[in-house]
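Sequence lines, in order, name chains R and D.
Heads up: the first sequence begins at 27 in this note's numbering, then just goes up one per residue.
Heads up: the second sequence begins at 2 in this note's numbering, then just goes up one per residue.
To be clear, the hints were calculated from the coordinates, so they are not data collected in a lab.
Keep in mind it's a predicted model, so treat the numbers as computed, not measured.
All C-beta atoms in this analysis are idealised placements derived from N, C-alpha and C, irrespective of residue type, glycine included.
Hints should not be assumed to be uniformly reliable.
[As the list claims (entries may be wrong)] Which chain D residues face chain R? A few, computed with CB under 7 Å, are given here: (1) Val187; (2) Arg190; (3) Ser191; (4) Leu205; (5) Glu266.
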Amino acid sequence: MNDMPTPASIGLSREDLPNSYIGRSVPRPNLPKLVQGRATYTDDVQPPRLVHAAFLRSPYAHARILSVDSAAAMQVPGVVRVFTGADLAKVCDPWVATLDHLKGMKSAQQHPLPLDRATWQGEPVVAVVADSRAAAEDGVAALAVEWEPLPAQLDIETALDPDTVVIHPSLGDNLCFTRTAEKGDVAAAFAAAHRVVEATFLTGRHTGVTLEGRSILADYNKAEGTLTVHHSTQAPHMMQGVFAKQLRMEEGAVRVICRDVGGSFGIKVHVYPDEVAVAAMAKAMGRPVKFVADRFESFVSDIHARDHRIKGRIAVDAEGKILAFDIDDRTGIGPYSVYPRTSAIEGNQVVNLCGGPYDFANYRCTTTVVFQNKTPTCQYRAVGHPIATTVTEGLVDLAAEALGIDPIEMRRRNLIRDDAYPYTSPPGMRFEGLSHHAALAKLLEMVPVEKIRADQAEQRKKGVHRGLGFASFIELTNPSPFMYGIGGARISAQDGATVRMDPDGSIVALSGVTEQGQGTEGILRQIVAHGVGVPLERVKVITGDTQTTPYGGGTWACRGAGIGGEAALQSAIALKQQILVVAGAMLQAAPESLDIVLGQIVDKDTERERMPLSELGRIVYYRGDTLPKDLPRELVQTRHFITKDYPFAFTNGIQASWVEVDTDTGMVKLLEHWCVEDCGRVINPLLVDEQVRGGIVQGLGGALYEHCVYDEQGNLLTTTMADYLVPMSAEMPEMHIGHVETPTGESLLGAKGAGEAGTAGAPAALMNAINDALRPLSARVTEQPFTPARILRALGTV
Amino acid sequence: MKWPAFGYARASTLEEVFRLQAEHGDDARLLAGGQTLLATLAFRLSEPKLLVDITGVAALRGIALQGGLLRIGALTRHAELGRDPLVAQHAPLLTEAVPFIAHPAIRNRGTIGGSLAYADPAAELPACIVALDSTMVLASAAGERRVAAGDFFTGLLETALRPGELIAAVEVPVATDASRSAIVEVARRSGDYAMAGLATTLRLEGGVIRAPRLVYFGVGNGPVLAARANAALEGRSLDAAAIAAARAALAGDLDPQADLHGPPEMKRHLAGVLTQRALSRFLPAAEAAA
Ligand SMILES: Cc1cc2nc3c(=O)[nH]c(=O)nc-3n(C[C@H](O)[C@H](O)[C@H](O)COP(=O)(O)OP(=O)(O)OC[C@H]3O[C@@H](n4cnc5c(N)ncnc54)[C@H](O)[C@@H]3O)c2cc1C
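My request is simple: use the sequences and hints to build the entire structure.
The structure is reproduced here in structure tokens:
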């Protein structure tokens, strides 16, 4: 009975899959609620005595706040109170976002509302609380703030020049963090190389546009001394700790509830000054305060990402073997590193991930992370991956072109061999097991390369320019404490699940990972139903409440399935074992001879039905007197899981993009897109495919459309959905998704993450496709987004 | 952001509209489909005290053929315009234009009167109305007056509408056998306002171009009737050389501003490409193939 379960013993072997919920495309439980408008988002929660906050946001990229006159605002009907930075500083402590393991990193103290200086256009400066949001906005309009505009530091290239404005004089300069990884002898490799090619890439600053804006409702109950926060967040437990610490409370006095969330993409895993301000105002006022970011303020205050300029060189020998990469990355992160994950991680990831899919010996990569007076940047879906993949795959294609080697052959010659694992990459990333060659082989089964090349040649004769591009990638998932915990951040890498059986035989699972609309609750239900042995419909999953769910990290870095799923599986198995002990006593059978199948206790050998779980529940909960006195009967089990052998479970994959470039207009038409990825055990193929598709769309969005554009004064120009272009279905290509499955051995479940693979590879595949199309015209683009203007410029047309 | 507080009145006759306008003056704004107005109110760009909903005014509705002209009521929704058989027959340019305007949900509400009154320089309908050499029918308490579409658009988001006046309808000359029309544009995504667009009409009489009206949008302060390009085409037989001449002449017609999409040179270039694409559709070979 107490033998350690193995994937085979719990029915996860290939042969079992048809009979298992794990590996099946079953619909997720919360879908009807979401599509019928019966979800409960933070804004749907309306407690009595609720007041609403609106913020006056800085109209300048950099300005001193000389005075705030709130007299007129206080006269506006409905306005209850006005808070300045100084008011909030009385109840709320500032924070500094650095991590100890990022050596030399620095950032300035940040208050929920600044005390004397605004450092980006859109920074919240004064809060008005009123009995409706409209009245609060009327109040904001009536505020009189005297500003002294200061010169703004906007350019990432000149950020460290001696005559540049230093945003935080106490820091001495505008450098947040720099790191160089070096391995082998880079100089010698370049000196001896057959060919060296180089290019400079830009990844455009963009943001994650969530359907539901950031939302928070904080309520301080003075009678209890408790703070209850309804929050559209990815990480309720982390936020519980943050609110407690900043508001000088015990963690136990803070409860964070996160019901339905309309998308997050990394946007909602950070500490936002306006949200902390709401919690502080609730505490100061002793009543519920709500804030829902509207689209305008989302664009200026949600974190941005990917504002990088990367210079890269690659050295190859005559056979196309990669000898070395030499990469210099520079990124601007806004005026503050964002708490608590910090804004140095993206650059750090670029250093960790460049060259990732390839077997080569010499590596140098530096990231330089600088401050600027723009919206703060931080982790957004596929942190650093699309940047590293763009540089790597852009350089690999350039090298292939220089040598006259087909891009597929170039990759075949350089991808890490499938039997080379465990493998440590030059920047020190440890790979447990990847499948680059299997993924490439699978991709080539899906992409009709010969037909495409024939069509390409045919079309070129007619002046139609089509291109095919590839991008291999790796993706970091299932992070251990090596990501944040070792740096001192109270960010949990472990996660827990509690699974219990109620009297009617139904199962309730409580998990520390969270549902953002991506289907976490759906896969947890499948895992628990499989683990206990009940029909799917009998399982109810509860997430997003720090008071009831086991402590966990929530949703980030593709960990929900791999970490939260494993905790759920282990607690489900433990519950099953406990149920069988009780069943054995009731049926006078050895627990090992019994099993649970679709909610029935059965004989393991014959599958003969012995008793429904509801009968077992009836006896345990209402007639416990009939059971042996010393029989353990706790039909609830909790397990926590953390990875221990590898800092991260890396996944891999490869994408292909087939496009047509209108060389007259510079418009790119996406014809078709393919992705093969290896996320280990696939729990729900439909959800994984849609994660990959959604990820591809988000990657294509950043590469083609999405761009946070600033003017020379540091004003964000793209603050509506008409100016900030998100990818829309009409322009998206047909996407074909394939899988290779290399389960991680760190868990029973074997699942790794799948949420970021699409985003990691799509921009690079698209860039290589566009450049393949433009090759006969000797044009090339390396600056994202690949707008018509940039393509026409590359063609020399304008 | 939330709308500022405002009053709302639903008018059912023109007289009622004029009375409310007289009473409230500048504080009143007409509300048609609301697809532009309500968005700009949420930006708090203006704070009118009263919205006068005109969608219940029957006199502003309907599409009819009257005295050789197609009269299109101001309240005609984009979606109605797109599926109306009279429009398809007599002003096919408008039918062709509708799918370029925004998305179905917006086309179900937005009206031609609202689009022409707002006069967005990148909007399709103002350019089409000018290309069709239509006449605006404007109504006020003082009665009706008619203004040529070409004179109606006076500047960036500016028209010849006077205070207390509204657009009642547009009158479009009906197409003949010789009429040709086309609308082409380059937009970043389907449904977006165009980076550059061209609505054009002309007559082909024995292969010779008559009365060409090339009207560009998204490249100026309003619809731009390209006088030099039109002159370059007038009376010529339509062939590659004529098209090239129009493209060359266009340089003097356009003075585009840079915007988020790109510099003026790009807009000029795109206008040239669109000229090529639109006019090529009328080449005999293209017509035979169609
Ligand atoms: C997301 C989005 C995308 C869009 N894309 C496009 C596009 O690609 N191309 C395009 O052309 N348009 C586009 N539009 C605008 C759309 O076509 C609007 O419907 C139209 O511009 C305004 O018409 P309306 O009836 O909604 O006017 P309203 O918004 O009701 O009014 C607009 C203005 O016109 C005035 N007005 C309305 N009717 C009259 C009248 N009869 N006489 C005098 N004044 C009047 C109002 O007072 C107001 O000032 C888009 C809109 C949205 C929201």
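Verification of the hints:
The beta carbon of D:Val187 comes within 5 Å of a beta carbon in chain R, closer than 7 Å, and the hint placing it at the interface holds. Of the supplied interface hints, the one on D:Arg190 holds, with its beta-carbon coming within about 5 Å of a beta-carbon of chain R, less than 7 Å. Interface hint at D:Ser191: satisfied, since its Cβ lies 4 Å from the closest Cβ of chain R, which is below the 7 Å cut-off. Of the supplied interface hints, the one on D:Leu205 is violated, with its beta-carbon coming no nearer than about 24 Å to a beta-carbon of chain R, more than 7 Å.
Because the closest C-beta pair between D:Glu266 and chain R is about 4 Å apart, less than 7 Å, the hint holds.
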